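Trainee: Hey, can you work out the whole structure from these sequences and the hints?
The chain contents come next:
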Amino acid sequence: MELTFEQKTDIGFEYVLDLVEPCSCFGAAKLKNTSVFSSKESLTREFDNIEKILTVMDARAKAIQIIDICFMQMKDISKTVEKCKQTSLTDVELFEIKRFLLLNRDLYPAFKELNDGTDLWDIEFADLSEALKIVDPDNTGVASFFVSDASSPALAAARAEKKKIENEIRLTGDPARKEDLLIQRTVIAAKEEEAEMAVKREMSKKLIPFLDDITKNTESAAKLDLTIRKAVLSRKRQTCRPVISEEAVSFENMTNPKIADVLAESDKSFTPVSITAKKGATVITGANMGGKSVALKTLALNTLLALCGFFPFAEKAEVPMLDNIYMISEDLESVDKGLSSFGGEIIKFNEIAGKINARSMALFDEFARGTNPDEGASIVRAVTKWLNGKEAVSVLTTHYDGVAPLAGSHFQVIGLKNVDFNAVKKEIDAVSKDRGAARIAEYMNYGLYKVTDKSDCPRDALSICKLLDMDKEIVALAEKYY
Amino acid sequence: MKLTDLTNKYYSLSIIGMCKNAGKTTVLNRLIDEMTKDGKNFAITSIGRDGEGSDLVTRTHKPGIYVPSGTLVATATQMLKYCDVTREILDTTGITTPLGEVIIFKARSDGKVQIAGPSIVSQLITVREKLRSFGAQRVMIDGAISRKSLCAHNVSDATVLCTGASYDKSIEKVVADTGFICELLTVPEYKDADFEKAEESGSRNCFAKNADGELFIVDDLEKTLREGKIKTVYFGGALSDSMLKPVIMSSTSIKGVRFIVGDASKFIMSRDIYIKTIAKGASFGVLYGVNPVAVTINPFSAYGFSFDKDEFMQKMKGAVKLPVINVEEV
Chain A
1 MELTFEQKTD
11 IGFEYVLDLV
21 EPCSCFGAAK
31 LKNTSVFSSK
41 ESLTREFDNI
51 EKILTVMDAR
61 AKAIQIIDIC
71 FMQMKDISKT
81 VEKCKQTSLT
91 DVELFEIKRF
101 LLLNRDLYPA
111 FKELNDGTDL
121 WDIEFADLSE
131 ALKIVDPDNT
141 GVASFFVSDA
151 SSPALAAARA
161 EKKKIENEIR
171 LTGDPARKED
181 LLIQRTVIAA
191 KEEEAEMAVK
201 REMSKKLIPF
211 LDDITKNTES
221 AAKLDLTIRK
231 AVLSRKRQTC
241 RPVISEEAVS
251 FENMTNPKIA
261 DVLAESDKSF
271 TPVSITAKKG
281 ATVITGANMG
291 GKSVALKTLA
301 LNTLLALCGF
311 FPFAEKAEVP
321 MLDNIYMISE
331 DLESVDKGLS
341 SFGGEIIKFN
351 EIAGKINARS
361 MALFDEFARG
371 TNPDEGASIV
381 RAVTKWLNGK
391 EAVSVLTTHY
401 DGVAPLAGSH
411 FQVIGLKNVD
421 FNAVKKEIDA
431 VSKDRGAARI
441 AEYMNYGLYK
451 VTDKSDCPRD
461 ALSICKLLDM
471 DKEIVALAEK
481 YY
Chain B
1001 MKLTDLTNKY
1011 YSLSIIGMCK
1021 NAGKTTVLNR
1031 LIDEMTKDGK
1041 NFAITSIGRD
1051 GEGSDLVTRT
1061 HKPGIYVPSG
1071 TLVATATQML
1081 KYCDVTREIL
1091 DTTGITTPLG
1101 EVIIFKARSD
1111 GKVQIAGPSI
1121 VSQLITVREK
1131 LRSFGAQRVM
1141 IDGAISRKSL
1151 CAHNVSDATV
1161 LCTGASYDKS
1171 IEKVVADTGF
1181 ICELLTVPEY
1191 KDADFEKAEE
1201 SGSRNCFAKN
1211 ADGELFIVDD
1221 LEKTLREGKI
1231 KTVYFGGALS
1241 DSMLKPVIMS
1251 STSIKGVRFI
1261 VGDASKFIMS
1271 RDIYIKTIAK
1281 GASFGVLYGV
1291 NPVAVTINPF
1301 SAYGFSFDKD
1311 EFMQKMKGAV
1321 KLPVINVEEV
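Residue numbers (our numbering), protein chains in the order written: chain A, 1 to 482; chain B, 1001 to 1330.
These aren't lab readings, by the way, just hints derived from the structure by calculation.
Some hints here could point you the wrong way.
Capping the alpha-carbon separation at 20 angstroms, the derived lysine to aspartate or glutamate pairs in EDC-like fashion look like this [stated by the list, open to error]:
no.	chain 1	residue 1	chain 2	residue 2
1	A	Lys-79	B	Glu-1101
2	B	Lys-1020	B	Glu-1328
3	B	Lys-1037	A	Glu-168
Quick caveat, the model's predicted, so the values are computed rather than measured.
Mentor: Here it is, written out as structure tokens:
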């Protein structure tokens, strides 16, 4: 996965991760390390698990609620587990183990209920009731930790003796006597500590055979937590289980939650995007303001999500197994390095060109836009032609002419294509001039359609000029130059 | 006189000292004793920790806190080795300090404990509320050496200020400075929504308001006071001598002006400047007040001398408006 953190933030991937909201610290840690699945089998199992949870989540909501509550209370005990392998634990550490085991005890039946007939892949919880008996020998079931008198006769004796002296300390009015008693008490307290240490040492030793199961349970907790969260997220939004294809990336009506949520704040909605990109080059063309970049980001987001084991935000989805997604888009990095944006793009392209293979996807947002349009167009044509001969799935957005025919397939932003031009013109003339652009944006269809003939870039730019009442003489001249 | 007579109606009580060996621990032990006799369930924690090392330097007798069975204690894990009560671990708080995570335990026997609680006010509040959830009817907060942090609002419902001969060789200086601190601790609360907002945002700016309630950002305090009909001035952060001195030295009238800070810990000016400011007709205010309920005195110094206890008591009573108690006398 070669997208930088900034790019992942930009396409809305980090935003989606934030929507996951794990209940357990284990799930949160696993989510932070989200990466693409490398084997088809494990990715399939991940999707299976989400689907399985989705199937039972209503009927077994109560069990999930219990599991979630246990998850929320679980703390990371990995360091304590490691320490236990080496040496004796303190009472605070034994408390942590006990708390974990108690939560495990509460979780166990809820998980059994959830998993009955569901049979989640690779998620198992070991029964640790025997381990719990070690740290809770008196079977109190309370969440505190106390080495009880019953643990050792030496301990009970020391405590009884200490108690006697403490009572005397409370009663005596003689300071000298009190001082004397306090010293006696300190001696006994040391004996008590010694006896308690022996008990704790014994407990720690007895825990060792259970440590691997404890660790496995935390791993299962992480997986189960994230699977439930992914299912919950899938339920909240339009998502689908992707098909793992052989070569094509394909989405029907996909959306981008980050952008959709921003639009929703101003009562606008995200226009779903559909696209299929096979091995070789696919080109997206469209007018300015047309949302080509949004389409590309949305494609990057949903492909990455699917590869990382999430249900993508689409009605239908297909993705092949990919190891890497590369993206070249407008960013500040090249500026930081003192390169022109064009120079920066070329350097990045060189890096990517050396790496792409059958298991990569390469995305280019308005490649070479920063240079002179004639040269830029030639370079993009060449790049497209070259990418079209490669095994990688490449998608480029461009408004340069003569690029689309060199690609394997061509998608265009619907834009103003289906709009009744005269009706819009009338409406725009009725509102104040400065609101015209906003009006056009409302009529703009940001969806994509597949171009099957040999047509090139749309001519929406000129339409926009006309709609916005550009000087007729200039428009006439422009038409002549087209 | 019982100390708890003064503190009983408050859930949380902080004990702060003018200096080391002011008798804080003695006060704490006395409160523990009184509360035990009253049958109260109580808890102990602290803000930060007193440096035990410096006690080794002065070689003074440090009483140590001796608690009865049943006491709830919030302390850092590294302090547990100095605690010899039989204990039941109740919770780990997730709050980490340089001395380890703060944990909560219940004493299952009488015995000595050493306390190092969170050093951040908001965390201390979390711990205080956790102790309440474990059944504490009273929480005592040992204020470590610094009197400053515990002045912060919200931490405790009431405060006991400890002072003593260890503060200075001169009885006059001990009395005068304690009197001044008491005066600062009792500076009246002044509520102002704008200033409170600035305080919450952690602003370091200085704002002024005129009689019409107009708000200004202050650059040059003296100039602002000279030109506008300023009624109140709020200082984000601390108020020091260097901020007030130019005003006091000038001929600008500050009659009727109120100088406001977030809480009493933000006053770091000298007594001299404080008195001069008031003499010129100005006054002070805090957005969040503390509630000092008593002053305790310790006539014995850790440095080998002592004051006459009656003289000390008499002079201190003359200097503060609060009840004064000699820690050594029950």
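Trainee: To test your reading of the hints: which numbers does this structure violate?
Mentor: none
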